Amino acid sequence: MVRVRFAPSPTGYLHIGSARTALFNWLYARRYKGKLLLRIEDTDRTRSEKRFLDEIVMDLKWLGIDWDEEPVHQSARFEIYRKAAEEIVKQGLGYREGEAYIFRVPKGRTIEIDDMIHGKITFNTDEIKDQVMIKSDGSPVYNFCCVIDDAFLKITHIIRGDDHVSNTPKQILFYEAMGLAIPQFGHMPLIMGMDGAKLSKRHGGVSVEEYKREGFLPEALVNYLLLLGWSPGSDREIIPIEEAVKAFDINNMKGVQAKFDIQKLRWMNGEYIAAKPDKELLELIKKQMLDTGKACPATDDKLLEVIKLYKVRIKTLSEFVQMTDYFFSDDYSIDEKAAGKHLVSPESKNALREFAARLERLNDFSHSAIEGECRSMAEEMKLKPGAIIHPTRVAISGKTTGAGLFEMMEVLGKSKALERMRKAVV
RNA sequence: GUCCCCAUCGUCUAGCCUGGUCUAGGACAUCAGAUUUUCAUUCUGACGACUGGGGUUCAAAUCCCCAUGGGGACGCCA
1 MVRVRFAPSP TGYLHIGSAR TALFNWLYAR RYKGKLLLRI EDTDRTRSEK
51 RFLDEIVMDL KWLGIDWDEE PVHQSARFEI YRKAAEEIVK QGLGYREGEA
101 YIFRVPKGRT IEIDDMIHGK ITFNTDEIKD QVMIKSDGSP VYNFCCVIDD
151 AFLKITHIIR GDDHVSNTPK QILFYEAMGL AIPQFGHMPL IMGMDGAKLS
201 KRHGGVSVEE YKREGFLPEA LVNYLLLLGW SPGSDREIIP IEEAVKAFDI
251 NNMKGVQAKF DIQKLRWMNG EYIAAKPDKE LLELIKKQML DTGKACPATD
301 DKLLEVIKLY KVRIKTLSEF VQMTDYFFSD DYSIDEKAAG KHLVSPESKN
351 ALREFAARLE RLNDFSHSAI EGECRSMAEE MKLKPGAIIH PTRVAISGKT
401 TGAGLFEMME VLGKSKALER MRKAVV
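Going by the numbering used here, the residue at position 275 of the first sequence is 275; the numbering climbs one at a time, nothing skipped.
Treat the hints as calculated values from the structure; they're not laboratory data.
Accuracy of the hints is not assured; some may be wrong.
[Claimed, not checked] As a list, the in silico SDA-like pairs of lysine to any residue whose alpha-carbon atoms are at most 25 Å apart:
#: 1; residue 1: 399; residue 2: 297
#: 2; residue 1: 254; residue 2: 312
#: 3; residue 1: 50; residue 2: 80
#: 4; residue 1: 107; residue 2: 92
#: 5; residue 1: 259; residue 2: 226
[To be verified] The following label-pair restraints were derived from C-beta to C-beta distances:
#: 6; residue 1: 312; residue 2: 366; range: 16 to 26 Å
#: 7; residue 1: 114; residue 2: 240; range: 28 to 38 Å
#: 8; residue 1: 312; residue 2: 138; range: 55 to 65 Å
#: 9; residue 1: 121; residue 2: 240; range: 29 to 39 Å
#: 10; residue 1: 152; residue 2: 293; range: 42 to 52 Å
#: 11; residue 1: 126; residue 2: 254; range: 41 to 51 Å
#: 12; residue 1: 82; residue 2: 109; range: 21 to 31 Å
#: 13; residue 1: 91; residue 2: 263; range: 50 to 60 Å
Here the structure is a predicted model, which means the values were calculated and not measured.
Backbone N, C-alpha and C fix where the C-beta goes; we use that ideal spot for every residue, glycine too.
All chains, please: the whole structure from these sequences, using the hints.
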């Protein structure tokens with residue numbers, strides 16, 4: 001049976017690259033009806049923190065990545081690692097150096113790994129120095145306890161980042177020294193920023209948490225990550241995770257590092273938002289407002305109307321909050337440049353004044369009635385509709401973009417709309 | 001520096017394994033036009049790539065070698 005693992009170290013937030021590693025392990029486990037285990041690599045006691053672990057667990061769950069069996073903490077297994085190191089020294093394969101246990105790397109050997117993604121990779125042990133197993137402070141070194149635990153957990157396939165390829169021959173040496181079965185390895189290329197450099201803050205976020213906060217949907221993030229290095233072999237791009245599980249094949253994974261393109265992620269997020277049922281979106285947006293420190297400013301019904309207007313126009317949930325501020329408060333952001341362009345000329349003011357006067361007499365404030373009034377006014381006054389529409393839009397929303405003007409006005413309501421139009425002409 | 005990985009449009013990729021169907025397909029982004037004269041959606045179109053050089057072959061994006069470029073690793077970090 002397939003047994004894979006994700007082994008985060010709780011020394012920081014869940015990195016987007018780690019999330020991808022977790023995702024592919026999860027996919028592999030689910031595809032072959034195996035198990036995904038979680039192992040906490042908290043051997044560095046000074047840098048490991050509970051709050052990071054909690055955050056990582058939360059983010060994994062948020063992404064929809066679940067695991068089997070109880071997580072194993074390496075910090076609870078120090079004694080096991082030390083005993084194993086002692087045994088190796090006893091067998092003459094290593095030596096002590098003070099409190100530390102060191103593994104003697106045999107010279108002149110070729111180590112070949114048959115990587116699931118890269119194919120054959122060979123190393124010569126002459127390139128490898130003797131390896132510390134247990135440090136002077138009694139804590140184990142990563143490559144050593146990693147092997148012991150992977151064997152202990154009966155891991156069959158190790159899928160991890162390319163930054164581990166050079167660790168692999170060292171680990172194989174440990175497997176051999178302890179007479180343990182060697183699992184299959186698959187190393188996936190790292191994700192880079194758009195400039196080709198290591199993904200960092202200036203590329204727009206490195207932790208899953210930042211994307212969550214920005215209002216990306218987990219489905220979208222997962223779908224995007226999925227396509228970074230893997231493709232179903234067809235032109236499909238929007239792939240629900242259940243389908244990905246069915247179609248996943250590690251042989252389709254590319255050995256090429258990919259650049260993280262936030263634009264494409266945004267597009268994909270917009271697709272998922274637009275496809276989301278209104279009611280579900282409502283809950284997500286309320287939560288988004290709450291998380292950004294704002295109380296939900298309106299009733300569900302009102303919010304729902306606004307959502308219907310905006311769901312095809314937003315790329316992230318946080319975008320919704322800024323784009324629709326004028327519905328919920330008189331203290332909304334105003335695009336000064338747009339105001340200068342559409343609200344100052346006498347023509348604009350006239351148009352606004354007249355349009356407001358005509359709307360005042362309207363009993364039916366539906367979008368079609370408003371539009372009818374706008375069109376007939378334009379015709380009577382020999383104006384282009386745009387000469388009324390643009391000033392009105394800026395007057396009531398402070399923006400040049402948004403929903404269709406007439407729908408916008410209907411949802412805003414007659415009194416608010418007129419109030420703002422009149423305020424704009426004084 | 002040494003070792004390892006990688007190389008198709010600006011970006012993600014299909015094609016490569018099993019050479020010919022590739023004057024290289026799709027998506028994002030960009031630009032232009034259309035959609036009952038607003039925002040957006042949508043649609044249509046444009047732009048745009050096989051890193052270079054050798055070799056193998058009747059034939060190479062596809063196989064081999066070299067160069068170049070990018071990345072990773074060389075910790076008593078994980």
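Taking the hints in turn, this is what the structure says about them:
The hinted pair formed by residue 399 and residue 297 meets the criterion: a straight-line CA distance of about 20 Å does not exceed 25 Å. With a CA separation close to 33 Å, the supplied pair residue 254 and residue 312 exceeds the 25 Å bound. With a CA separation close to 23 Å, the supplied pair residue 50 and residue 80 stays within the 25 Å bound. For the suggested pair residue 107 and residue 92, the alpha carbons sit about 15 Å apart, so the restraint of at most 25 Å is met.
Taken as a hint, the residue 259 and residue 226 pair is honoured in the structure, with Cα atoms around 13 Å apart against an allowance of 25 Å. Separated by about 21 Å at the C-beta atoms, residue 312 and residue 366 satisfy the suggested range of 16 to 26 Å. In this structure the supplied range 28 to 38 Å holds for residue 114 paired with residue 240, their Cβ-Cβ distance being about 32 Å. Roughly 59 Å separates the CB atoms of residue 312 and residue 138, a value that falls within the hinted 55 to 65 Å.
Separation of residue 121 from residue 240 is about 34 Å and conforms to the stated range, judged on CB atoms against 29 to 39 Å. With their beta carbons about 45 Å apart, residue 152 and residue 293 fall inside the hinted range of 42 to 52 Å. A beta carbon spacing of about 31 Å between residue 126 and residue 254 contradicts the range 41 to 51 Å that was offered as a hint. As the Cβ distance of residue 82 to residue 109 is approximately 26 Å, the hint placing it in 21 to 31 Å holds.
The hint said 50 to 60 Å for the Cβ distance between residue 91 and residue 263, and at roughly 56 Å that hint holds.
Of the numbered hints stated above, those contradicted by the structure are hints 2, 11, listed in ascending order.
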